[in-house]
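Build the full structure now, drawing on both the sequences and the hints.
Number of protein chains: 2
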Amino acid sequence: MGLYDWQSALKEALRKNKRDAHNRYLQLATVREDGSPANRTVVFRGFTENSSQLCMVTDLRSEKLAEIALQPMGEACWYFTNTREQFRLRGELTADGASDSVQRRATWGNLSDAAKAQFFWPEPGAPLTSTPSDVPAPELPDTPPNDFVLLLLAAEEVDHLRLRGTPQTRFRSRLVDGLWQATAVNP
Amino acid sequence: MGLYDWQSALKEALRKNKRDAHNRYLQLATVREDGSPANRTVVFRGFTENSSQLCMVTDLRSEKLAEIALQPMGEACWYFTNTREQFRLRGELTADGASDSVQRRATWGNLSDAAKAQFFWPEPGAPLTSTPSDVPAPELPDTPPNDFVLLLLAAEEVDHLRLRGTPQTRFRSRLVDGLWQATAVNP
Numbered sequence: 750m751g752l753y754d755w756q757s758a759l760k761e762a763l764r765k766n767k768r769d770a771h772n773r774y775l776q777l778a779t780v781r782e783d784g785s786p787a788n789r790t791v792v793f794r795g796f797t798e799n800s801s802q803l804c805m806v807t808d809l810r811s812e813k814l815a816e817i818a819l820q821p822m823g824e825a826c827w828y829f830t831n832t833r834e835q836f837r838l839r840g841e842l843t844a845d846g847a848s849d850s851v852q853r854r855a856t857w858g859n860l861s862d863a864a865k866a867q868f869f870w871p872e873p874g875a876p877l878t879s880t881p882s883d884v885p886a887p888e889l890p891d892t893p894p895n896d897f898v899l900l901l902l903a904a905e906e907v908d909h910l911r912l913r914g915t916p917q918t919r920f921r922s923r924l925v926d927g928l929w930q931a932t933a934v935n936p
Numbered sequence: 750m751g752l753y754d755w756q757s758a759l760k761e762a763l764r765k766n767k768r769d770a771h772n773r774y775l776q777l778a779t780v781r782e783d784g785s786p787a788n789r790t791v792v793f794r795g796f797t798e799n800s801s802q803l804c805m806v807t808d809l810r811s812e813k814l815a816e817i818a819l820q821p822m823g824e825a826c827w828y829f830t831n832t833r834e835q836f837r838l839r840g841e842l843t844a845d846g847a848s849d850s851v852q853r854r855a856t857w858g859n860l861s862d863a864a865k866a867q868f869f870w871p872e873p874g875a876p877l878t879s880t881p882s883d884v885p886a887p888e889l890p891d892t893p894p895n896d897f898v899l900l901l902l903a904a905e906e907v908d909h910l911r912l913r914g915t916p917q918t919r920f921r922s923r924l925v926d927g928l929w930q931a932t933a934v935n936p
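From first to last, the protein sequence lines stand for chains A and B. Sequential numbering from 750 applies to the first sequence in our numbering. Sequential numbering from 750 applies to the second sequence in our numbering.
You can trust all of the hints, since none of them are fake.
Straight-line distance between alpha carbons at most 30 Å, and here's what the computed DSS-like set of lysine-lysine pairs gives:
hint, chain 1, residue 1, chain 2, residue 2
1, A, K767, B, K765
2, A, K760, A, K865
3, A, K813, B, K760
4, A, K813, A, K760
5, A, K760, B, K767
6, A, K765, A, K865
7, A, K765, B, K765
8, A, K813, A, K767
9, B, K767, A, K767
Stretch-level coverage of chain B by chain A, calculated; a stretch enters the list once three of its residues show a Cβ under 8 Å from a Cβ in chain A:
hint, segment
10, 773 to 780
11, 788 to 794
12, 819 to 828
13, 835 to 843
Worth flagging that the hints you see were computed from the coordinates, not collected in a lab. Yeah, the Cβ is synthetic: ideal placement off N, Cα and C, and Gly gets one too.
Structure representation (structure tokens):
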């Protein structure tokens with residue numbers, strides 16, 4: 750199993766599935782303040798420089814941030830529809846809202862105008878008062894607004910299942926003393 | 750908002766997205782024994798008779814069952830790729846492994862042979878010893894084997910987001926004293 754590494758496998762999946770934008774969507778589970786799970790779709794926004802962390806973005810007003818302040822562990826479940834494979838990525842979530850963060854500024858710069866505009870909408874999840882289309886389109890700034898938060902997942906454990914092919918294959922990887930160890934397990 | 754109901758909306762989404770089999774896959778979050786979240790893809794296997802619960806299946810040997818014994822609350826996140834809408838369904842999970850369960854027997858009967866065969870594979874997640882293709886194809890019984898468990902999610906709260914269209918729309922529904930109450934909220 751010396752040749753398997755999940756980061757290469759995930760990058761290969763991204764490449765092979767890139768024709769459908771939905772393959773950049775993954776489901777992120779956290780734990781609510783009452784101890785029950787929460788789960789929602791988020792968009793993958795790239796890796797940090799050394800590929801060790803996955804980047805997503807969130808709104809300072811969303812429930813995720815209060816949840817990870819109490820329980821920082823999260824698990825992302827990422828299913829690729831074209832190659833029929835699933836990655837489960839488990840690890841600590843951190844929020845980066847720092848005004849001097851280079852990564853945060855770069856991620857903001859790469860967002861579409863539509864994605865940027867959401868950070869100027871009324872509070873997510875609050876009862877609908879005005880509709881977003883009533884709100885005048887904001888002047889979109891070059892520097893990220895206060896509500897824009899980078900969300901980073903530092904995987905410690907990765908479970909990779911390939912449904913295509915007979916037999917199916919499944920690898921479980923764990924970060925042990927700073928090194929990844931992968932094992933083939935039963936699907 | 751009197752006319753919105755999430756069950757009709759979910760059935761409509763199923764109908765409009767049925768050309769892609771992956772639209773019957775959803776991500777189910779539970780909480781592990783250590784209080785951190787778990788998240789994996791499961792297949793939607795239909796509703797219970799009165800449409801109040803979602804059916805999935807699992808293996809008696811899987812980690813899900815130990816998790817829900819301690820924390821029965823789960824949250825399913827279901828993203829439909831063709832209509833671009835997300836349902837988050839939160840509620841209690843129950844396991845039905847009863848040999849006299851009519852629903853369990855019926856769900857078994859509706860599985861494909863490939864799905865049935867998985868219940869005769871070596872223990873999921875254990876280190877790979879033999880590959881599934883080494884295991885002789887089992888005689889697939891008409892009655893479900895012991896390891897076949899029906900997993901039911903009784904939603905208490907549903908968050909439905911439609912990304913398509915301007916503005917996006919979002920409804921939050923809650924079960925209050927046995928009646929569903931829906932509110933339009935900010936996306």
